[in-house]
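Asks: The chain contents come next:
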Amino acid sequence: MAETAVELSNVTKRFGEIVAVDDINLRIKDGEFFSLLGPSGCGKTTTLRMIAGLETASEGGILIHDKPMRQTPPFKRPVNTVFQNYALFPHMTIEKNVAFGLEMSGVPKEQIGPRVEEALAMVRLPDMAKRRPRQLSGGQQQRIALARALVNRPEVLLLDEPLGALDLKLRKAMQLELKALQAQVGITFIYVTHDQEEALTMSDRIAVMDAGRVLQVGTPYEIYEHPTTRFVADFIGETNFLEGEVIDVLGALITVLVDGEVHVQATSDGHVQPGQAVTVVIRPEKFNLEAEGMVKGKVKEVIYIGTDTRYIVQLSARTEVVIREQNIDPSRMGQVREGGEIGVAWNPAHALVLTE
Amino acid sequence: MSREVRNQRERTFLRVLLAPTLFWLIVFFMLPLLVILVYSFLTKKIPVGISLPLNLGNYVRFADLLYIQIFWRSFVIATLTTAICLLMGYPIAYWMSRQPPRARSTLLLLLMIPFWTNFVVRTYSMKFFLFRQGPLNNMLLGSGLLKEPLTLLFTPTAVVIGLVYGWAVEMVLPLYASMVDLDLSLLEAAQDLYANRFKVFTRVILPLTAPGIAAGSILVFVPSLGAYITPDLLGGSKTAMIGNIIADQFGGAQDWPFGSAISFVLMAIMLVATVLYFRILRREAEMK
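Protein chains in written order, with my numbering: chain Z, 1 to 356; chain P, 1 to 288.
Hints in this document: simulated from the structure, not taken from any laboratory.
Lysine to aspartate or glutamate pairs mimicking EDC-like chemistry, simulated, CA-CA at most 20 Å apart:
hint: 1; chain 1: Z; residue 1: Lys179; chain 2: Z; residue 2: Glu118
hint: 2; chain 1: Z; residue 1: Lys96; chain 2: Z; residue 2: Glu117
hint: 3; chain 1: Z; residue 1: Lys96; chain 2: P; residue 2: Asp183
hint: 4; chain 1: P; residue 1: Lys199; chain 2: Z; residue 2: Glu103
hint: 5; chain 1: Z; residue 1: Lys76; chain 2: P; residue 2: Glu188
hint: 6; chain 1: Z; residue 1: Lys76; chain 2: Z; residue 2: Glu7
hint: 7; chain 1: Z; residue 1: Lys96; chain 2: P; residue 2: Glu188
hint: 8; chain 1: Z; residue 1: Lys286; chain 2: Z; residue 2: Glu325
hint: 9; chain 1: P; residue 1: Lys199; chain 2: Z; residue 2: Glu95
hint: 10; chain 1: Z; residue 1: Lys179; chain 2: Z; residue 2: Glu197
hint: 11; chain 1: Z; residue 1: Lys296; chain 2: Z; residue 2: Glu325
hint: 12; chain 1: Z; residue 1: Lys298; chain 2: Z; residue 2: Glu338
hint: 13; chain 1: Z; residue 1: Lys296; chain 2: Z; residue 2: Glu320
hint: 14; chain 1: Z; residue 1: Lys76; chain 2: Z; residue 2: Asp66
hint: 15; chain 1: Z; residue 1: Lys172; chain 2: Z; residue 2: Asp195
A short list of chain Z residues far from chain P (calculated; beta carbon distances all over 12 Å):
hint: 16; residue: Glu177
hint: 17; residue: Thr307
hint: 18; residue: Glu338
Idealized CB from N, CA, C, for every residue including glycine.
Using the sequences provided together with the hints, build the complete structure.
Replies: Written out as structure tokens, the structure reads:
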């Protein structure tokens, strides 16, 4: 399973003056659920379209199972795409839509019928064969688009925000279904999304993109717990950024002076020196509210949101942090009051120093 | 109750709105048509006019080889015209529909400007263009492509050229309309599903633009089949079409009943052709 399914080396795509994809390198493993995550216009869809062959890279090479794809037109590539708007053929029945790829690639007629049936059963819409796309709901069309792609047993399945048009509840259900389906068929999925929660839920690995560049590649755990750039930390989940100056380095343990008065203990993966300007990243749920704490703060706001309570705590004149606590013990609720003094603590291992 | 009252009111309102249109259709369209239908069963009165008895004689006269020939010729010319308009119009419409929106409106305007000129004037200009000593022959001779000038005027070829020129825009516009709406992601999806360029065209583009093809073909075929001015000016006496004999019956020959009968047969053919064409296209779209 460790074989490389898709490899992009130094791929750049320019549309006239605009650089949509800027010198990216990716190695996507066989059988992996790989997500390209980023805000709109970050180049993720363009990257996907280059793998499909619908766009040609301005520079660089794309390999699918070690075969260079530069000269290969889209209709000869061993990949299939699930399009954002599904792109089902309106003039064909569902059955014909799903059979299209098999017919085009010259699969013998007697095999097409059973395979189409099997694909429709896989997406749990076996009775829709004779219908037309417009007679189906958005969610059903989405599944048909999936069946139409998967029926060809591609080496790689490309998905371009396939759940974007569905409502939240259906989207959540489809996320789990897609993930289960991927595990079942064992095909490499490359999934484009701007929804960080979706990417975290489904992916084996995620590439976070911004402005045509890949900023970080890693598992959901790595991306969330160890973001290497401020953009990644900000884009994935909620984060506190504390800007300050390094005043003490003790191995990996760093002390940063924030706003001239708050001493923040953190760790660094890289090399930092006293005097350096850095940003400390701490997720809201990593904080603990204690009587003593590592630093003192003033509770500005208490917001009850059911599962959690959010506290906004002012640490200094210009620094405030968002703290999130699970409501495990309801009796605690009255103890922290707006306007009161509180101690804030955290494990320095969960406070990350970013140097950029 | 109140809903019923409202529906009743709406219906009355609609009737009032539709009245002028209905009046127009009945008085200036249905009634004359009925008159022609009645005429076609009457007998010619000598020297002019019509008289009883009612009879089928005017329809029986079609059995004549002369008229069958003219009908056949008209049919071939109209079919050829439609086919040429389609073959030329399809790529033009496709190319136009793939331009940026601003260029598209300019191109549409350029396409339509010549057609704001009177049809008779345009047909006369075509006559001049096709002359033995006209611009077309001069160009062909001058470029060395030909040694002898072509005799085009007063041939069926000239009639087809004139009709294509006259009706091409009627083909391009509905084609263009069906192509502008074409969802490009469908073409990409087809390519992604292993269809080469040819298959993308035959399996996706063609069926999805079929309504445009049908509409354009009918808009060209129907006026071509009943053409009168074009064969009159460009065809000469030997390439008379149905339109010319109908005109003859109401003019020189003064045989209104026979002219009416021919008109009705022509209308019937057009109706049948239209219905058949739509049927075939719909079935093909469903088969694919």
